[in-house]
Amino acid sequence: MEENKPLLKVQDLKVSFFTPAGEVKAVDGISYTLGYNEVMGIVGESGSGKSVEAYSIIGLLQDPGKVTGGSIEFEGEDVLAFTPAQMRQFRGNKVSMIFQNPMTCLNPVYTIGNQLTEALTCHDSSISKEEAKKRAIEMLELVGINNAEKRMNQYPHEFSGGMRQRAMIAMALICSPKLLIADEPTTALDVTIQAQILELMKSLQKKENTSIIFITHNLGVVAEICDRVTVMYAGRIVEQGKVNDIFYRPQHPYTKGLLTSIPRLDEDGLERLIPIEGTPIDLLDPPKGCSFGPRCSQCMKICLREKPPFAEVGEEHISACWLHFRDGLPKGDEV
Amino acid sequence: MVAYILKRVAGSIAILLLIMVVTFLLMNAIPGSPFLTEKSTPEQIALAEAKYGLDKPLYVQLWNYIKNYCVGDLGTSLKMQEGTPVKDIIFHQGKFALSIKLGACALVIAVLIGIPLGCIAAYYRGSWIDGLLRVLTTVGVAVPTFVLAALLLVVFSVNLNWFPTLSGSLPDAKSYVLPVISLSFYYTCYIAKLMRTSMLDAIHQDYIRTAKAKGVKTHILVLKHALRNSLIPVITYLGPVLAGIITGSFVVESTFSIPGLGKYFVQCVLSRDYPVIMATTVVLSALVIFMMLIVDITYKLVDPRITLTAKEE
Numbered sequence: 001m002e003e004n005k006p007l008l009k010v011q012d013l014k015v016s017f018f019t020p021a022g023e024v025k026a027v028d029g030i031s032y033t034l035g036y037n038e039v040m041g042i043v044g045e046s047g048s049g050k051s052v053e054a055y056s057i058i059g060l061l062q063d064p065g066k067v068t069g070g071s072i073e074f075e076g077e078d079v080l081a082f083t084p085a086q087m088r089q090f091r092g093n094k095v096s097m098i099f100q101n102p103m104t105c106l107n108p109v110y111t112i113g114n115q116l117t118e119a120l121t122c123h124d125s126s127i128s129k130e131e132a133k134k135r136a137i138e139m140l141e142l143v144g145i146n147n148a149e150k151r152m153n154q155y156p157h158e159f160s161g162g163m164r165q166r167a168m169i170a171m172a173l174i175c176s177p178k179l180l181i182a183d184e185p186t187t188a189l190d191v192t193i194q195a196q197i198l199e200l201m202k203s204l205q206k207k208e209n210t211s212i213i214f215i216t217h218n219l220g221v222v223a224e225i226c227d228r229v230t231v232m233y234a235g236r237i238v239e240q241g242k243v244n245d246i247f248y249r250p251q252h253p254y255t256k257g258l259l260t261s262i263p264r265l266d267e268d269g270l271e272r273l274i275p276i277e278g279t280p281i282d283l284l285d286p287p288k289g290c291s292f293g294p295r296c297s298q299c300m301k302i303c304l305r306e307k308p309p310f311a312e313v314g315e316e317h318i319s320a321c322w323l324h325f326r327d328g329l330p331k332g333d334e335v
Numbered sequence: 336m337v338a339y340i341l342k343r344v345a346g347s348i349a350i351l352l353l354i355m356v357v358t359f360l361l362m363n364a365i366p367g368s369p370f371l372t373e374k375s376t377p378e379q380i381a382l383a384e385a386k387y388g389l390d391k392p393l394y395v396q397l398w399n400y401i402k403n404y405c406v407g408d409l410g411t412s413l414k415m416q417e418g419t420p421v422k423d424i425i426f427h428q429g430k431f432a433l434s435i436k437l438g439a440c441a442l443v444i445a446v447l448i449g450i451p452l453g454c455i456a457a458y459y460r461g462s463w464i465d466g467l468l469r470v471l472t473t474v475g476v477a478v479p480t481f482v483l484a485a486l487l488l489v490v491f492s493v494n495l496n497w498f499p500t501l502s503g504s505l506p507d508a509k510s511y512v513l514p515v516i517s518l519s520f521y522y523t524c525y526i527a528k529l530m531r532t533s534m535l536d537a538i539h540q541d542y543i544r545t546a547k548a549k550g551v552k553t554h555i556l557v558l559k560h561a562l563r564n565s566l567i568p569v570i571t572y573l574g575p576v577l578a579g580i581i582t583g584s585f586v587v588e589s590t591f592s593i594p595g596l597g598k599y600f601v602q603c604v605l606s607r608d609y610p611v612i613m614a615t616t617v618v619l620s621a622l623v624i625f626m627m628l629i630v631d632i633t634y635k636l637v638d639p640r641i642t643l644t645a646k647e648e
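First to last, the protein sequences are chains A and B. Each residue of the first sequence is one higher than the one before, counting from 1 in our numbering. Each residue of the second sequence is one higher than the one before, counting from 336 in our numbering.
These are calculated hints, taken from the structure and not from any lab test. Errors might be hidden in some of the hints.
[To be verified] Simulated pairs of lysine to aspartate or glutamate, EDC-like, Cα-Cα distance not exceeding 20 Å:
#1 Lys-547(B) - Asp-285(A)
#2 Lys-635(B) - Glu-158(A)
#3 Lys-134(A) - Glu-149(A)
#4 Lys-547(B) - Asp-63(A)
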């Protein structure tokens, strides 16, 4: 990891959806950096803004979503200032993406080969047909698809779910991008296939030296593949740190809640799962203080009044919670 | 594929037989007779009916039709052009060709204009272009052909004198313009509407997002990825369109005085010219059945997921 020169630098990014009911702040000021060859997991429940944040990096925000503030820098270039043509060159070439549902993400009326080679030819018009085809076959073999040459001429409906996700990965990596954004790539697959795909992504990441942003709500997947983890809640980062710190030394009450709500195989099986009480906040009308405050068992007065700042709780480990500042709070605020 | 086509052709013959039976029963259910005029006496009618075999029991008459059709004999006209073989009326007097020419032009126009219009409307959804097209296509679907045809005739032929009022046997390109517009306008608008909906649906599919994430150019996104996926509903609609264009051409052929099959078909029903009714129905049905086959084969070409033959168990 080249500490001083990050691949991706997101600063105070804000994304809002302008709906008839009002502005929904889906992402409300998040900052992080991602190094070369690093795998970062972004964890959070539905609606926490984790996908929206990723989509804004690659310029795929759907109407009425809009980036309202902050900056995204990719290798020093300002991604948000790209013209549509620059954005098009950027997508698929330097950053590519794989999605949640491989069943619907491939075009049903074109062959796998056609869709794979298209990813190449739309960035490099000088590449010959044979060359593109050769490269596509190589990629299919790389992601573990047998009979690649025959498979090239098949349609997506002739592939199983796991195979389709493999093909998607091949398509995403065919231009050797520096960053791969994986938006819940294993969620729609059954568990054995999930493990295979994760294994594949892990080995490809090492082989191709691609950085990965791995978006998921599945903490097990995060532990499997990520170097660093960002935990999001209601459009903000609540905790960020190395994967071991997050799992073994979680600091934020939300992260702690997430960890106690998943079943574990390595402990005596009869332990109770503790769900996080309540429901996520209404982003149309967010609370003034900490977004997690209303659901937090350790909520203090100040939590409902002011948003918590980040506290450095360890090496490269930050957590946004007033509990870390408890000692310094004025009297009456710490209850 | 060959086996499939053969199977379909066999099925088509069965359908045509059924159509013959139904047509025969229907035309005999209409009161009246080809020989019924104010001056004719019952004896004269009976005599004429005996001459053409119309006094025989219905099943015998039907059987005669089927027998003759099998050897390509479509009978002779009783009334419209007495004594002329029906085959000559339909094929050799250019009626069929005239209607087909007109229908084919209208179909091509409807497809070539309707599909792009639908794509444009979907691509610029919500903009003034979409709004304008929506108004235009809604009007086009709502205005009856006879109103449109009359309007075009009055404005462009009578007032502006740009096009002939009588198109006749379509001697030149100019004479095609107004009939083809009248005939195709409804279908153009309907196809555009259908295409817009279908395209909008396709644009929001996950594979479009995937293609975008790959960095595919916008026009390729629409013309390659979205278009082919959104064509199925339009192709489905094209089968009935053909039937509509051929039979619906009656109004247009009458308005522009074109001696085509559509007009003739209605006239022969009115004068109870049984053999001509039968022959026109069968010929038009065969045409529609053939087009349906083409449509089904086109499905397969557009969408590889569609299988024409039943899957082996």
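Evaluation of the provided hints:
| no. | hint | verdict |
| --- | --- | --- |
| 1 | Lys-547(B) - Asp-285(A) | violated (33 Å) |
| 2 | Lys-635(B) - Glu-158(A) | holds (15 Å) |
| 3 | Lys-134(A) - Glu-149(A) | holds (9 Å) |
| 4 | Lys-547(B) - Asp-63(A) | holds (15 Å) |
The structure is inconsistent with hint 1 alone, although it conforms to all the rest.
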